[in-house]
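J.: Letter by letter, the chains look like this.
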Amino acid sequence: MNKHLQIRDISTVEGQLTTVQENDLPQQRLDLKFMPWKPYTEEQKQSFACLLDEVNVLNIPVPKSKAEEEDLVNRFLTGMRKLFTTENNFTCLPMLQTSMDNCVQCNSCSSACHLFEMSGENEMYRPNYRSEIFRRIYKQYIKKEPFAKWRYGDLGLNWKTVARLGELAYRCNLCRRCAQTCPIGVDNGLIAREIRKVFSQELGISPKELHEKGTVLQSRAGSSTGMTSQVVKDNVEFIDEDYSEITGIEVHTPFDVKGADILLLHNAGEIIAWPENVAAFSVIFQEAGLSWTLSSKCAGYDGVNYGVFYDDAQLARIALMHMQAAKELGVKKIVIGECGHAHKALTVIADRVIPYELQTPRESCYVTLRDIVMSGRLKLNPARNDFPVTLHDPCNIVRLMGIVSPQREILRKIAPKFREMPCHGVDNYCCGGGSGFAIMSRNNIEEWRGNITGRKKMWQIGEAFKDCLGPETKKYICAPCSNCKGQIRELLAHNDLYEKNSFAYGGLVELIVNCMDNVNPGFIKWGEDE
Amino acid sequence: MTTIFYLLAYFAFAAFFALACCKIRGYLAASPLHVRWEIYPVPHEGKKAAYGGSFMENSDWWTKVRHVEHFYDILGIFKEVLLLEATFKHNHTLWFRTYPFHFGLYMLMGGSIILFFTVLAGLLGASPLWNPQEMEGFVTFIHNVLNSVVLIGALAIFGGGIALICRRMNDEGLAVYSSREHFLNIGVFVLFAFLTLMTWACNADYVILAATFMHNLLTLNFVPQESNLFALSMLLGFFVLLWIPLSNMQHLLLKYFMYHDIRWNDVPTQASVTNQNLIPDLLKKQVTWAAPHIAGDGTPKSWLDVAVNVPNKTEK
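Same order as they appear, the protein sequences are chains A and B. In terms of my numbering, the first sequence opens at residue 1 and continues consecutively. In terms of my numbering, the second sequence opens at residue 1 and continues consecutively.
Treat the hints with care, since some could be wrong.
[Said to hold, decoys possible] Heads up, simulated PhoX-like pairs for lysine-lysine below, C-alpha to C-alpha not over 20 Å straight-line:
{"no.": "1", "chain 1": "B", "residue 1": "Lys47", "chain 2": "B", "residue 2": "Lys23"}
{"no.": "2", "chain 1": "B", "residue 1": "Lys301", "chain 2": "A", "residue 2": "Lys82"}
{"no.": "3", "chain 1": "A", "residue 1": "Lys144", "chain 2": "B", "residue 2": "Lys79"}
{"no.": "4", "chain 1": "B", "residue 1": "Lys64", "chain 2": "A", "residue 2": "Lys82"}
{"no.": "5", "chain 1": "A", "residue 1": "Lys45", "chain 2": "A", "residue 2": "Lys82"}
{"no.": "6", "chain 1": "B", "residue 1": "Lys47", "chain 2": "B", "residue 2": "Lys64"}
{"no.": "7", "chain 1": "B", "residue 1": "Lys47", "chain 2": "A", "residue 2": "Lys332"}
{"no.": "8", "chain 1": "A", "residue 1": "Lys82", "chain 2": "B", "residue 2": "Lys47"}
{"no.": "9", "chain 1": "A", "residue 1": "Lys38", "chain 2": "A", "residue 2": "Lys82"}
{"no.": "10", "chain 1": "B", "residue 1": "Lys23", "chain 2": "A", "residue 2": "Lys139"}
{"no.": "11", "chain 1": "B", "residue 1": "Lys64", "chain 2": "A", "residue 2": "Lys143"}
{"no.": "12", "chain 1": "B", "residue 1": "Lys64", "chain 2": "A", "residue 2": "Lys333"}
No wet-lab data here; the hints were simulated from the structure.
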């Protein structure tokens, strides 16, 4: 398999296009294990287009006949045409159009991409590879520019091109670090998302974790976890009971308080996977004396909005449900919990999609927490956090919303051994779980996250703690975003880094509660304590 | 033939401006209001821009007056255009090749503008740049500056252009993405710069040739060019003018919008009544996406219909 791909290879190569193997991966300070790729089964190969690499996110069915092949290509082209109309894509058309027409192929974006770097510079991961294929299809088949074949080269569009391009749109974390570096203003992250939109909105092809088990389930049941309103209330009640005992504070999480100042919107995954995060928010808000509530309305208790990763219609539907939950309670503002994509979806993207009269102002929990910590309303004892702490910056909140300082103000106040990662703030790297991958594990996606996408984050963590690596010193990775935590959890577990390096990971609120004077000591647990 | 040459000149200028207007109009018409797609740092955040911060770092930001420091936006785009700051930061090797190329272009563009206004001033009574016998004072100074500008500019384009072509041919990464059009785009400029240099070297005074041509253009005086090399370089120049808006070199026209209207456009709806009024209109637009969860059943739908009607069953 070729690692030095040409553009035309996307259409011409038979079988799997490329591969990344252990010896391609850059070495680094932390001992990271290569996770061997599971080979495709014959059944998989016959049923689904396994044509790109070892990973298969979309499971595009293999066409059974020439007519089906042509149908796939034609439906894709129809979708592309719609993508370039104001009616179907007023949300993103100016950005897409300019990214199609203005790229000068300088490749300044390449070195910004953690996937390109950490795959050993495999051509497939160059941010421009996917974009240029899409661009050439656009110029040759949609815009039909004069002499397009001569000017750009004949791409030779066929069903393999379409299937590979769809899959290729899911070899990007949508962190938009490449867009930040582009001298022209071209956005390869946007292009990846637009390709995902064509597949979802026209062909009805999307990862089941984002669509069926994501936005569709959330619209129907209220949460992408499948938890109904009653289940959430019961679970939170259990959390309150457990953490009342653990913290020594009587915790009560309010639901559906009409006229409260704040609707706190968690990622519901926290309730299941990280109950300590939900409890910590409740402890802080309660002890700070805030007027706040959770909602039990459908989707009002789950800030997740996976539409932001692949589909504008689903994005709008979920955002509308969130806004309706807030309006119904009459709160003054929505405070979004530790979930990066929920921040961006509801605060930034929904801002020009949901009619203004249906909107309720949105604030990041980092800001609310900063105000609480700095106000002196909590009695804090930073000595309880006397261990090295580093901070992961979730792309959606930091690079894409410019919320950089509040979380640092908190850490400087409560964590005496706080240190930055290299490339922090708006220059951060994605955790590797961005754009929905943190919740996917099938078809080698977990291996891919371990081998390639999360590797740069592990480099940053290793560098941040380079003076205290090893099991002797307990260290805390503060990752105030649900998806990022999920990704970091798996990277640490797979590489035995809990034991080898005494790492713990968690959010910002856990660190705050850990140093609250009136809370029982030891809120944060390290491996051996759990 | 001489008349056709002059007509081509008028056509090239007119077509450039018409195509440029079409491109900009096309951009503005693509969407009356796109979603916010800002990326930080955003310069107009002032002090916060130093670390990439935004107004959303403030509690209850919607209750506070927004301070947008447009001066820093202007400064930011000037630094980017004049110094190619992003390329310098993120693609150092390329910057040493592309900066001379762009610097040369700026020199020739700036020189052309100065030439135009100096000739125009001559027509209005100032010392005539096109007539060496009558030229005097400040115009003589401009004449000398322009002769240097043309030489330095053309040399920079020629050198930078050759270096860019070599880089595109020899760099493994760039070679994959370099199409015929890339070589055509740069090659045309290199040839133009070469002809300009030859004209400069083979004639007594380049600026007099250029000023005479400009004077003839402005006075509709269609007389043949004294130098064939100059005429040839001008013909190539006409093609370049036409070609810019039709190729990826249109970033000359659209970069402003890609920075100001996309990357730095962080206007919250709360702060813009215009945007508040636009959203309901945009939601009335008809959607034709064919996936089952949108408009796959063929029923005409607006974006609003799509957003409020959530299918109850799983489609797949």
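J.: Does each hint fit the structure? Answer for all of them.
T.: Now the hints, each set against the structure:
| no. | hint | result |
| --- | --- | --- |
| 1 | B/Lys47 with B/Lys23 | 34 Å, violated |
| 2 | B/Lys301 with A/Lys82 | 15 Å, holds |
| 3 | A/Lys144 with B/Lys79 | 36 Å, violated |
| 4 | B/Lys64 with A/Lys82 | 40 Å, violated |
| 5 | A/Lys45 with A/Lys82 | 31 Å, violated |
| 6 | B/Lys47 with B/Lys64 | 17 Å, holds |
| 7 | B/Lys47 with A/Lys332 | 29 Å, violated |
| 8 | A/Lys82 with B/Lys47 | 41 Å, violated |
| 9 | A/Lys38 with A/Lys82 | 37 Å, violated |
| 10 | B/Lys23 with A/Lys139 | 16 Å, holds |
| 11 | B/Lys64 with A/Lys143 | 45 Å, violated |
| 12 | B/Lys64 with A/Lys333 | 14 Å, holds |
When the structure is compared with the earlier hints, violations turn up for hints 1, 3, 4, 5, 7, 8, 9 and 11 and for no others.
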